[in-house]
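Input sequences plus hints: build the corresponding full structure.
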Amino acid sequence: MNNRPVQQILYGIGGIALFLLLASVFLLAIGKPPLTTLATMGVYAFGDNYSTSESLVKATPILLCALAVILPARLGLITVGGEGQLYFGALIGTSVVVNFPGGPMFALLPAMLLLGALGGAVWSGLAGILRARFNVNETISTLLLNYIAVLLVNYAVYGAWKNAANLGWPATIQFPPAATVPSILGTRVHLGLVVALIAALILHVAVTYTRWGLGLMVLAGNRKIGAMVGLHFARNTLIVMALGGALAGFAGICETSAIQGRLQSGLSVGYGLTGFLVAWLSGQHFLRAVPIAILIGGLIAAGDALQLYSKIPSASATILQGLLFVSALAASGLAGRREIRHG
Amino acid sequence: MSSALVAMCGVSKQFGAVTANDNVDLEIRAGEVLALLGENGAGKSTLMKVLYGFYHSDAGEIRIDDRMVRFVSPKEAMASGIGMVFQQFSLVPALSVLENLLAAFPNAPWLQTRGRSRVTAALGWLKRLAPNLDPARPVRELAVGERQLVELAKVLNLNARVVILDEPTSVLTPAETEQLYGFIRSLVAEGKAIVFITHKLGDVAACADRIVVMRGGRVVDRALASERTPGQLVSAMVGREKLALIESPVFASSTVPALQVRGVSAAVQGAQISDISFAVAPGEIFGIAGVSGNGQYALAEALAGLAPVTAGDIVLGGVSIASHDNDGAIPDDVAYVPERPLDNAVVADLDLGINLALRQVRELPLFPHRRAIAARADALIARFDVRPPRPALPAAALSGGNLQKLVIARELSDVHRLVIASYPTMGLDVLATQAVYRTLFEQAAAGACVVWISEDLDDLLAYAHRIAVIYGGRIAGIVRREDASRQMIGRWMAGMDRGEAA
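Chains A and B are the protein sequences, given in the same order. The numbering used here numbers the first residue of the first sequence as 544 and each following residue consecutively. The numbering used here numbers the first residue of the second sequence as 330 and each following residue consecutively.
Keep in mind the hints are simulated off the structure, nothing from the lab. Just so you know, nobody snuck in bad clues.
A few chain B residues facing chain A, derived, Cβ under 8 Å:
1. L635
2. D656
3. G657
4. A658
5. N673
6. A674
7. V675
8. V676
9. A677
10. I683
11. L687
12. R688
13. V690
14. L693
15. P694
16. L695
Which bits of chain A does chain B cover? Going by a derived footprint, with three or more residues having C-beta under 8 Å, they are:
17. 759–767
18. 770–780
All residues carry an ideal CB built from backbone N, CA and C; glycine is no exception.
This is how it looks when you write it as structure tokens:
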């Protein structure tokens, strides 16, 4: 019991060592010097203010999508729908901009953000209703809803919302300044990061210290006992799914407004799935997800930079990211096995 | 008496800090029934599992036919003629009786359609033990008593010379028990050695030749069965001359019932109850007897308002408490000690403090005081003797008996109008059992209607004011304690006739 934190740190170090080993093997295989390349990546990720801000930009949607996975996980639900909720949130949030592009900022910006969150909540809530009322597996339904949301966005940007001025490029109009999420300190880091950090903190307190969080733990541990003492699995399923979806939808509209400036297909580069992996690496823990999301954000940002400056294909970053996840899961898997053996 | 077939000498076995067997000597002789007596946790099963090769002893030796043996696995023990029938059966429920027997039969043909004679051979013992049992039936349809006979046939098929039976009568009706005694006598007459692990004195009186009593991992008495009275055996098992006598509270049968169960039907996990009616008055202890699996679980869940009632109604103090949907909650004035507490009563991953606070989980403050929960848990844990007394431990870390005490601490620490207790003393030793009975009777004395589901006919006859027998999901009969007899209840339990004596 007492040496558990120490053990966790040891396994963390083991995971990092494993990652460095696997990454080196991979870099050698593509003919790059492993140590210098990895060091360069570190510099590109967090070496100066600009790199750090770009890493935080990448980390923002990932963190929000991770929170959208962790909250349902506290009730024992496994959702993989971050991507679809992100897309659907972006779609609904954009609707107000497309229809009232000349609206004043005090009305347009909040309406856009709220509708974005609402869109994500509805998309995730759909899976929640299916689970609560008809016991449809939420993992499957959220997975399938991902495809639908992505295609709905394509339908909009190739069709009714396509801006004729784009010369055929499938995207909406450029968002006016009144519909642009404010950024921080002149960087591309935007309000979404602040919201994500506050949400992580509030959710952590809510599930760890409140009666509601206790109820979630009871329902997740033994649904029958939860019902027996008057807790409602169905109602809580809807709540956690909708809240989680709102965060992912918010990520979608922020990414559209602050980073891309217009709704277009290929809005997300797998932020939803990456968020899912971050959630699992964090052990479904809101606060632990924050540094992990930032680290992964850094890896993605560095990958983009490497492609530009070191002529390493951008897919390498994705491969390295995969190696990092595998190493971390292997380390935590080993830790779990030891615990079982000693338990 | 014949010479020793198996001799265990100085056997010791530790589990962590717990000594399960401490320097135990034991002889098993051919043509003899050895009753291995003792309380739960006395080390009887552990000792036999050492002999069976399931555990490895830390010290001591085992000789069979005067040859030293050291079994690494049950497979080796079986090859030397040691067979064991466990409390938890090792049959595959989805397979038929025949398939289960063939799976363990050393000489089984590789295709069932071939080797007819060997298939017949695999059924030889079963035909003797249970001539009416159809070998094509899937095991999941069998009653517990029938499963036990299949398990026994499986062991005998391996040419076991020593057959170890672990508490075999705990799941049988009185008639099935008598039958089992008969089989045991005939096996012994053929020269087999039987080890009968039990804590029931009735088993000893019925068929034991020799007795070994264990307590706290040691042998405390060994004698011929004829040399000991039941009183001597109890004090050897419990370690005290006399247990404090407990009595159920006085109850005036003229009291107006507060719990009315009227024509209730329900189904839970495939088990059905139909048209169940009875009434229980405040202060009355209403016992429900029956072989397990006859609808007790469905009845308890329906009474607790957890399982939907498909017909009829359950009224407590003039208010219907019957549930009509699957997510029913338990009413505040009902206490429920369900069977299989790990599945039905606790959240295994959460700590004891939270598990003890579960009934109040909706009334806790928005930010529950962890310290207040732990303090309350400390008091309950001390009062009900839950071990180890650490509120921060997850419920999954408790043994079965202590889990039972934990649930009883949660449900029976306050007085309720209706108390439903299913097998509340499962896994508890004599002293803990008495403590549970005392708690249960206090509830009745304070005016609760107590519905007590049990398999222990002797305890029901000793303490319940009335006894109902459930068979095949229906009430086979209800009788006042004064008018009840073991024979009558035994016939009802076996479904042989139905009656309404009271």
